[in-house]
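J.: Sequence:
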Amino acid sequence: MRISVLMANWRGAAFLPEAIASVLRQSHADLELIVVDDASGDDSVAILREAAAADPRVRLIEMERNAGPSAARNRALDAATGDWLAIMDSDDVLHPDRLARLLSAAKALGVEAVADDMLFFGETPDASGRTLLQVLHLTGPMQVDATTFVEANGGTGDLPPLGYLKPLVRRDAWDGLRYDETLRVGEDYDLYLRLLLSGARLVLLPEALYLYRRHSGSISHRLSVAALEPLIAAHDRSAEGQTEPVLVEALRRRRAGLEAMLAFEHLVAAIKGRRPAEALSRLARRPLLARELLRSLGERRNRRAAEIEERHPLSIVLTADPRPVSETERLVAVPPLQAPEAIHPWPPAQQAALLSGLAARHELEICAEGREGLFWLWLVPRWRRAEVVLPSHHSVALPPGAERVSHPSLMVED
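Start counting the sequence shown at 22; every next residue gets the next number (the working numbering).
The set of hints was computed from the structure by calculation and includes no laboratory data.
Don't take every hint at face value.
Claimed, not checked - Have a look at the derived ranges for each label pair, beta carbon to beta carbon: (1) Pro308 with Glu424: 57 to 65 Å; (2) Pro182 with Pro357: 16 to 24 Å; (3) Arg199 with Pro308: 34 to 42 Å; (4) Pro357 with Arg199: 40 to 48 Å.
What you are looking at is a predicted structure, and each value in this text was computed from that prediction instead of being measured.
We put the beta carbon where it would ideally sit given N, CA and C, even for glycine.
Using the sequences and the hints given, assemble the complete structure.
T.: Written out as structure tokens, the structure reads:
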């Protein structure tokens, strides 16, 4: 079955080559990558034209003017020919087995949409070292209905914001849904909610095979009054006509959360605009905004402190067969490979988060043992040197820069 990977790009030249390469190296080769450049104005189009010339699976669509991620994704939807659709951001990275494992799980579970965990990574420790679904401690598939999805995006502390997910969706389940082109943020959440309200079944998998890059240029972090007002309007359109009591209550709480966010952005706009009377008036009406302002300032200070953290060398061994290692090495045990819909012996998110955090804080030298070690090496966002120990008859692709070695002291079985 063909998978269409849909990618909207705006000024992503710095990360595009890595994102494109991660799609084209997928073990599920029957795919197309449709990239819509949203009038970037940087080197993106040149990079994309070169990629399309080198691989016919890459298709470039150029927008004449910047219209936002929703409009760009709708253009990609119109051009897609796949049986399944996968959304990807142009600054992120996919594990090479991601699409194959998502498709296999969707078929095994008989669902219309399936999403994996997302591994956060970036240049600084505060941007790294965790996954989106880590708080759920998943060891197996978890089905998500519309109510749970809304609750997860309504500020509850028990659930992560599932609107960030990048699911694989069966084309006929998409059923003519379009991205809301009034939205510049939250467009994924809005569409996924409408998908669930239409009856599609979504299952979460515990593996983190989508590497989500966090950096200062990420559009998803840019909240503002102009972005939130259309988001509230879109929420109201989805909520209209819903009668199931638990869902209605979840939608009400979600709207209250959006209104609080809008009030905070109005306060920030007043402060930045040097309108002290307006800022004080807004604080008087909503005293809790002061606490939110202090939290935001604290997060900014922490980010600045993390930017100056120095990386130190560290040698690690990735293996599914725990054993003693030398005093200069650190063992990172990984679970055995199994079907993506199977139950894991422990939550894989904890090891993925550990590797992302180590990569942000250290210059890593990695020894990846066997198929499991290689599988997890692909999830390490950055390293200085990596060697892979495999039986001589195994023919597999290695991450760029990794070396295949023979290590007589290690007995790696099939």
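J.: Indicate, hint by hint, whether the structure satisfies it.
T.: Right, here's what the structure says about each hint:
1. Pro308 with Glu424: 57 to 65 Å: This hint holds: roughly 59 Å between Cβ atoms.
2. Pro182 with Pro357: 16 to 24 Å: With Cβ atoms ~31 Å apart, the hint is violated.
3. Arg199 with Pro308: 34 to 42 Å: 41 Å, holds
4. Pro357 with Arg199: 40 to 48 Å: Given range 40 to 48 Å: holds, Cβ gap about 42 Å.
Violated hint: 2 only; the structure is consistent with all others.
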